[in-house]
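S.K.: Residue strings, one per chain:
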Amino acid sequence: MRPYHLIPAVPALALALMPFLPFVNTDGLWFGLPRMLVWGAAWCVLCTPALLLTERLMTTGTAGTTTTAEGADQ
Amino acid sequence: MTTILIMTFTGIALIGVLGFAGRRKPAADLSEWAVGGRNFGALSMWFLQAGEVFTTFTFLGMAGLAFSGGVAALYALPYVPIGYMVLFFLAKRLWSLGKERGYLTQGDYLEDRYDSKLLGTVAAVLGVVFVLPYLQLQITGLGLIVQLVTGNSSSGTLSMIIGSALVVAFVLWAGLHGVAMTSYFKDVVMLVVLAVLLVAVPAHFAGGVSAMFHRIDKLHPEMLTIHAGPADQVWFTTSMLVSAIGVGLMCLPHAWPAVMSARDPKVLRRNYTWMPLYELCLLMPIIVGFAAVLVLKPGSSANGILLTLSKQVLPAWATGLVVIAAIATAMVPAAGILIGISSLVARNIARVKGERTQFWINHGTVVAACGLSLLLAIFRPDLLANLLLLTYSGTVQLAPAIALGFLARRPVGKVPVLTGLFVGELVVIWLTFWDKGLAGNVNVGLVGLAANLVVLTLAAPAERLLARNTTSEPDKPVAVTA
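Sequence lines, in order, name chains P and F.
Numbering-wise, the first sequence is residues 1 to 74 according to the numbering used here.
Numbering-wise, the second sequence is residues 1001 to 1482 according to the numbering used here.
Just chain F, same shape as in the assembly:
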């Protein structure tokens, strides 16, 4: 136990040190800090983008999902490649617009494309509200990992405090460069650990991967199919579709700094071409999760199964390495999310004059957002849990606005987009919190998106008609909108 504990805190400190090593001196302005001066090459971009995909959810959650739902966990496999295939075509336009118009955030893009500060602010507020629970999830995950392996809740709390403090410190110092530096370490250690677990766990419990699946096919064949129940074909397809739209149209705000930091669009295209192969790594925790079907009792805590199996199979020092990898999958994405949230607040919500003031508001937001998430993770871990349900289904409501913004001549203005967005969010919130069963197994984000598109389609001609009437009657006062 002492070995694991020592390795855990050494790992946390090492990630912090690597984050600081991302820059020799702190960034002087927000552009340099948030998007690294738009000078990142293929390798940095690769790890930054992979960093967003491989989080605590991937590392611990996928194994848990395979244990509880069998192949239903595979819904997470196709959405990133499908999303990246969409981004392959959009990359050049997105990057050129960002470079030409100086975008740092999703809010900057929407504000500029629709000439509406209101839309920029609304998108930024939604982004912060829906992504903050995701940040808390990373911090809670960090504590949970340490608590699971040490069996001691105070070690978990201490690790959350130290981990959060180090993340804030290196993010403030190094910005996106710090995230890139820690991402290299995170992906290498994560892949090594997963490869070891992929061999060791099935071999220990069933005599190998193939033998393990033959036993599952015999004893639990239902785990190998998507069948009727809460995780049926409709759930699988609609959840995958919503996530693919979210990735393909950059609906999650923390995805923007990484893309804006690319040196040129070729770098992005190359990464989007090869990244689907990297996605295969997702299969490793899923396969490990299947081993638990044969070993653990149904109803065991799903989130902890990867660590539980590791402890049973590996020596203490190797389990310590697994813990370091798991901690990295929490700390590195948390750093990326912090950059996304703080730049949204500084650029699109606070709206102060002067670059220096904006820079300090940004840094203050880093401290405040991480501090708030940490306090909630320690004292009220369930408070934001419901909001987490909205992270994907809520942010995906921005998809129509983002997609139409790519067109050289926008077919709609800001009012239909804002109206559609408002209705979409209302539908999602209604179906998530009040009428939970109404949508059945259809992902509520998709239902909200359908309502959003219907309203947008109806409001667009109405807006055009109104604009034509206003133009033909020049004496009448023109309504001032945002």
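So here's chain P without its partners, still in its complex pose:
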């Protein structure tokens, strides 16, 4: 388990906890829409950057490991 594996956990937690957040699960609107809807939509959108960042860090990590291994071989 590497730290970058935890990046997608942030939007996942934000989505899973939305009915328990008092400032989200309440009446009243944000931008003319229900707060739960805005919160859910925003964190759904943020899932994609979280996964893109994770993939980037995973690729960098794999490349780093490969370079180190090649260096050791030489």
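The set of hints was computed from the structure by calculation and includes no laboratory data.
Be careful, since some hints might not be right.
In silico EDC-like links for lysine to aspartate or glutamate, alpha-carbon gap of 16 angstroms or less [stated by the list, open to error]:
(1) F:Lys1092 - F:Asp1264
(2) F:Lys1266 - P:Glu55
(3) F:Lys1099 - F:Asp1112
(4) F:Lys1218 - P:Asp27
(5) F:Lys1353 - F:Asp1029
(6) F:Lys1099 - F:Asp1264
(7) F:Lys1092 - P:Asp27
(8) F:Lys1099 - F:Glu1032
These numbers come from a predicted model, not from an experiment.
Got chain P sorted already, so can you dock chain F onto it with the hints?
M.R.: Here is chain F on its own, set in the frame of chain P:
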């Protein structure tokens, strides 16, 4: 009415024709038929996977759920992105195993990973039993859609018969390629229709989306919160969690052919990365459903509200387009489910020798499963309704077996997995049909999963201990298991 009826049957025929166009000649073997020769690119994969998510339940059910439960309908928004984030990490391993070991079905995976034909067969039987009602739901939904807009039950029955016959025909001819081809059409027409409804319905009844929600906030503020009652926070979170586990660990058997058909794991990862954005489309029927809160009487038939509002707002030809989109959300997932069910029967239940015989058993199952679902949809629509309650909570009991199967060295064998699965299913069936109130608002699938994991955890060391004793006493006969 005539315009809508003509458009309805034209739509059904068009979907059938598109399904046939998926292949120039019929597939020669089961692998080519079920997973398209494992050669699907990003675009086909995208629509195949979206095809599984956007069904009649999404199209009609989400609007109905928003009408009856307000923001409680949003439980369906997070589980697919959360599940896909899990699959993002598992995709490479899953695809590599599938390619290397030749998996076509969920049963193939479990059978191979645990070296147990019994586990493969049990998983396949559970898959068929729990997913068959889901197939019937699509066919019943198709009839309901036509009946709602025409007000004529015989038109509904006729549409179910024609729709089912065409689905069977194009699935037999084109297999997964046919599903992919119809999925393109389904998603495009569905998105266009939902976008039109999203603008037209709130504008017609309240002067726009924002104005509509301001009125709801004033008149029905309880619709904007998850509060005490049958759809409280516990229900919301546990239902979402069970569905997320089901998606993330591929517990529904009809999800497997699509994933196994990918050209390479990068295609899968890319789709899992971007698919959460596509999930936002789910908000469109939910927002339309909110409009009904202001317009329709409480207690109105929830499933039909999207079509009821469409008829009130749009001209007949545009309502016809809505009906075509709704029909597509029934026929296309039905085709995908048929492929999932038939390959399970052919590969993991019938177990015949010879690829040709397996292929014909598969095709026979397509006809039998769809025929049975159609007959039940016409004559006994409620017979399988209870089983539908088990589709998610029942299939999610396979999650521990699937998850542990990903590990290079499995920490448990087949006996603890089978015992846990058996106990989990028993708990789910007990809480669903006999002691209904015992779990409160907690999703019974989660309670079953907890029991499943406890038994698995206890049985694993017992199995190891037994294996050690057997090894240290070589003269004693070894018990033969499946």
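S.K.: Each hint should be assessed against the structure and marked as holding or not.
M.R.: Each hint tested on the structure:
1. F:Lys1092 - F:Asp1264: Given pair F:Lys1092, F:Asp1264 holds - Cα atoms ~8 angstroms apart, limit 16 angstroms.
2. F:Lys1266 - P:Glu55: Distance of about 11 angstroms is within 16 angstroms: holds.
3. F:Lys1099 - F:Asp1112: Measuring from Cα to Cα gives roughly 13 angstroms; hence the hint holds.
4. F:Lys1218 - P:Asp27: Judged against 16 angstroms, a Cα distance of about 9 angstroms means the pair holds.
5. F:Lys1353 - F:Asp1029: Judged against 16 angstroms, a Cα distance of about 14 angstroms means the pair holds.
6. F:Lys1099 - F:Asp1264: Measuring from Cα to Cα gives roughly 9 angstroms; hence the hint holds.
7. F:Lys1092 - P:Asp27: Not OK: F:Lys1092 and P:Asp27 at ~43 angstroms, beyond 16 angstroms, violated.
8. F:Lys1099 - F:Glu1032: holds (13 angstroms)
Violated hint: 7 only; the structure is consistent with all others.
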